[in-house]
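Colleague: Residue numbers (the numbering used here), protein chains in the order written: chain V, 1 to 153; chain A, 154 to 186.
Honestly, the hints are just simulated from the structure, not real lab data. Take the hints with a grain of salt, since some may be wrong.
To be verified - Have a look at the derived ranges for each label pair, beta carbon to beta carbon:
#1 V:Gly123 x A:Ala183: 19 to 29 angstroms
#2 A:Thr171 x V:Ala149: 38 to 48 angstroms
#3 V:Phe152 x A:Asp164: 39 to 49 angstroms
#4 V:Glu137 x A:Glu156: 40 to 50 angstroms
#5 V:Arg138 x A:Pro185: 38 to 48 angstroms
#6 A:Ser162 x V:Thr5: 15 to 25 angstroms
#7 A:Thr161 x V:Arg2: 12 to 22 angstroms
#8 A:Asp164 x V:Pro11: 40 to 50 angstroms
Where is the CB? At the ideal position from N, CA and C, for every residue including glycine.
Residue-level listing of the chains:
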Amino acid sequence: MRLDTVTYPDPRVAQFVSDHFIPVRVNIREQPELGKTYHIHAAPTTVILDRESEYYRLSGFLPPQDFLAYLIIGRAVADCDRGKYAEAIDALNQLVSQGDGHPVDVLAEAWYWLGRARFKQSGDREAALPSWKVLVERYPQTSWAKRVAYLFE
Amino acid sequence: MAEIRWLTSLDEGFEQATSTGRPVLVDFTAAPT
Numbered sequence: 001m002r003l004d005t006v007t008y009p010d011p012r013v014a015q016f017v018s019d020h021f022i023p024v025r026v027n028i029r030e031q032p033e034l035g036k037t038y039h040i041h042a043a044p045t046t047v048i049l050d051r052e053s054e055y056y057r058l059s060g061f062l063p064p065q066d067f068l069a070y071l072i073i074g075r076a077v078a079d080c081d082r083g084k085y086a087e088a089i090d091a092l093n094q095l096v097s098q099g100d101g102h103p104v105d106v107l108a109e110a111w112y113w114l115g116r117a118r119f120k121q122s123g124d125r126e127a128a129l130p131s132w133k134v135l136v137e138r139y140p141q142t143s144w145a146k147r148v149a150y151l152f153e
Numbered sequence: 154m155a156e157i158r159w160l161t162s163l164d165e166g167f168e169q170a171t172s173t174g175r176p177v178l179v180d181f182t183a184a185p186t
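Could you build the full structure based on these sequences and the hints that come with them?
Modeller: Shown next, in the form of structure tokens:
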């Protein structure tokens, strides 16, 4: 419920949601069949999807700035999966350029997806390496860095 | 100030997603209405 009272009313979150998504609210007490269909085991759960695919999901409460950062990542992941590579790269570049304003796990995840987007855009894994090198060097303890650290061993 | 205008129908959300190119963001909630 804190998402409803704290996070979604935040003007930055509300603006981003309104500008980048089609927002739908589903009450799983009233529509339990949708909860089952989408494998919702706890509320709140936030899912970014369309009729064809699910792109990203978040579980639980996050304060506005963190939630917004994950929405930016989620929208970029959706864009990347739908072939909108330039949009994804632009959004992720903006996020990582904000640097220390975000938690380490947000920045690490953003660098990871930035590499993936550049890889998918070019079809060449080499294109991901500059982003993933930053990830491994700056955030080596994160699970995101561990996914790609072997590339630099 | 921006205010989120939530749809309550997932099908309607999918239709708007198709026409706008934006993905759907679903807030699965259990909060009393």
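Colleague: Evaluate each hint against the coordinates.
Modeller: These are the hints, each one checked on the structure:
no. : hint                                    : result
1   : V:Gly123 x A:Ala183: 19 to 29 angstroms : violated, 43 angstroms
2   : A:Thr171 x V:Ala149: 38 to 48 angstroms : holds, 40 angstroms
3   : V:Phe152 x A:Asp164: 39 to 49 angstroms : holds, 46 angstroms
4   : V:Glu137 x A:Glu156: 40 to 50 angstroms : holds, 42 angstroms
5   : V:Arg138 x A:Pro185: 38 to 48 angstroms : holds, 43 angstroms
6   : A:Ser162 x V:Thr5: 15 to 25 angstroms   : holds, 24 angstroms
7   : A:Thr161 x V:Arg2: 12 to 22 angstroms   : holds, 21 angstroms
8   : A:Asp164 x V:Pro11: 40 to 50 angstroms  : violated, 29 angstroms
Violation of the numbered hints given earlier is confined to hints 1, 8; the remaining hints are satisfied by the structure.
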